[in-house]
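Number of protein chains: 2
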Amino acid sequence: MKEITGGVTAAKGYQAAGIYAGIKKKRKDLALIVSSVPAKGAGTFTTNVVKAAPVKWDMKVTKESDYVQAVILNSGVANACTGKLGDENNFIMAQEVAAALHIPTEAVYTASTGVIGKQLPIEVITAGIHEIVGELSDTLEAGSLAAESIMTTDTYPKECAVSFMVGDKEVRIGGMAKGSGMIHPNMATFLGVVTTDLAITKELLQAALSEDVKNTFNMISVDRDTSTNDSLLLLANGLAGNPEIIEMDENYDNFCKALNIVTSKLAKLMAADGEGATKLLEVTVTGAASKEEAVTLSKSIITSNLVKTALFGNDANWGRILCAMGYSGVTFDPDTVDLSIESIDGKLKLVENGMATDYSEELATKLLSAKEVKAIADVKMGSATATAWGCDFSYDYVKINADYRS
Amino acid sequence: MKEITGGVTAAKGYQAAGIYAGIKKKRKDLALIVSSVPAKGAGTFTTNVVKAAPVKWDMKVTKESDYVQAVILNSGVANACTGKLGDENNFIMAQEVAAALHIPTEAVYTASTGVIGKQLPIEVITAGIHEIVGELSDTLEAGSLAAESIMTTDTYPKECAVSFMVGDKEVRIGGMAKGSGMIHPNMATFLGVVTTDLAITKELLQAALSEDVKNTFNMISVDRDTSTNDSLLLLANGLAGNPEIIEMDENYDNFCKALNIVTSKLAKLMAADGEGATKLLEVTVTGAASKEEAVTLSKSIITSNLVKTALFGNDANWGRILCAMGYSGVTFDPDTVDLSIESIDGKLKLVENGMATDYSEELATKLLSAKEVKAIADVKMGSATATAWGCDFSYDYVKINADYRS
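Residue numbers (our numbering), protein chains in the order written: chain A, 1 to 406; chain B, 1 to 406.
These are calculated hints, taken from the structure and not from any lab test.
No copy labels: a pair is met if it fits in one copy or bridges any two.
BS3-like mimics (lysine-lysine), calculated; alpha carbons at most 25 Å apart, straight line: (1) Lys291 to Lys349; (2) Lys374 to Lys118; (3) Lys399 to Lys371; (4) Lys399 to Lys26; (5) Lys118 to Lys380; (6) Lys349 to Lys118; (7) Lys265 to Lys371.
Pulled out of the complex, with its shape left as it was, chain A reads as follows (with noise of 0.2 Å):
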């Protein structure tokens, strides 16, 4: 198992292509990804009470086409809080792929991002949809071009491949993502796309998704907004001939681990390039009475805008972790805790047993300054763990989000 080069056009068969076609003001607003054969599909969504209209039309595609073709994907305006007229807008939308490549339209996944409330301007989109078919293919660039235009406020696309072997057959898998506000997945995700030419049935194949989330796009978190139109997207292909995994035996449990490599990569990626995060923050919490306290605790922590902020001014402010754990909803003993943080430049230890150490202020403010700082707080009540990743919070996240529609 090793990682390789490349995002969606990674695994056989997958064409991608992205283009400008005027629904923002400058960049790249319109991706569109292909398999040459019919592919399996699985997804995990919002669980926004609001979900936009591709969302709605996602979870119907998933749970009742027996495969997908193609992935048709906007930036710029969400198609989300935009009733009727939003639902048909995304239906053309999958409808003129369709016609394009000449599969059903039920074989179509729509994604959209971007500004809530505003209708789809669906002339510009048929336009571009008649000409992004055009510019599709298989190299690597075309997989980074379909990246690049499904970004908002990302600072970088998001890419990711793994490469396998299932018996003698060599499967590949490769995923693309954006953030990077709004960004709080639950039970779901932002938006993401990761295709493989794995042969497997469809219902393992939404099996290890909604596993691997768990542990991936479901611990991660910007500002514990949680978007209307979250969808990870993942196709299957079956072209690299492999016998089709049928049973969750051992070339199952190798998919899976594949596929958390793509997809904790993407997720970290995200958590990175937060809307104005200047550092990645991992926390991971050991010693939890159980996986589920773990999980709150160590997302407590990341999602606390105290949190956030003393870690952007490089303050050891521990104080506010200890706090972020006491308001979590877990119950446990705060005289007992053990936490310490951890860069490139060393480990330090701030609390032992509820207690500031004896450390050093300065070598804190150092580790705190590394641009990935993990930090690991002991419970002491049990032995599960969890590991959590956010960033810090910056004045560029008010200055982003305070006129993002302008």
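Given chain A's structure and the hints, the job is docking chain B onto it.
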């Protein structure tokens, strides 16, 4: 029932003082409130598992002491996450006040606010207590000095007082409070003291307070971080001379109404003076299926970083409000929601049945530029309603919290 000038010294028999003891670098940091006669005490406290030493002490006093007579408060150091030494220092603080005033230690409430994890400079505080007892006075100015001395990042002291009649006796209630970060009270509150000269049983005093905070302090949020030190203390010394209130009669109801005037004003002042805040946001949700759901929806809106940053930018990005309602956990039909905004400059309906109205962006920006902005969302599921208070999210919140300790 009418609002009067003053704070904790507005009611009969209360003296107060506020001084600079040397805990903080420059500003006043020690406050004392004393009743000339024993008073009934009631309190609500943080739900954070990590409870500061004074919170643990005050919970014991509220439960076990028949009466209280003094409240000593310091700012600068929170005395939270300080272990056994923290409890000992807190006890010394109460003991010194008790000795100076010749009252039992168990009749002294304590409160601390400031940095978590640092030990109290107990010699400084002891010396300060010896000094502050000589400064006690029943003037309104003395109450204001006390209110000033508990400030941390607050930009102004917060006081309120009300006068009402019980039979032919005038009763007064006065209070003070401090914010302004780590503010997300839950079944409890920030740091506040309310005094009254009403005669009432201890049980009814606590009942009135516990009910009151549900609609006042528990409905505000600055940053979704529930502090380790949240405490609201209510003292009733009976000096108004009314027949003691012993049942939930008309007089009790009147007291609750008067209490609500004081606490809701203090709560709104706290929200408006949230760290870095430039304006107050009042959110009312109507048409909810239950009071609980109305509370959840309104609090979800006022705590959304994306709503708060849009408000800072005077941007009518209403999709973020619907999004925050959507991930609150409450079930509703997004396609029936109405949303309006209101300020001193008028009222504007932005959303009707889940979709944008043809509103003027210019007028929306004007309304959002006011110092007090209201948002009213109707979910048309029932008849329950709730109001919550928050503030916008500015660069200064980040600035204040990135270098809070330096």
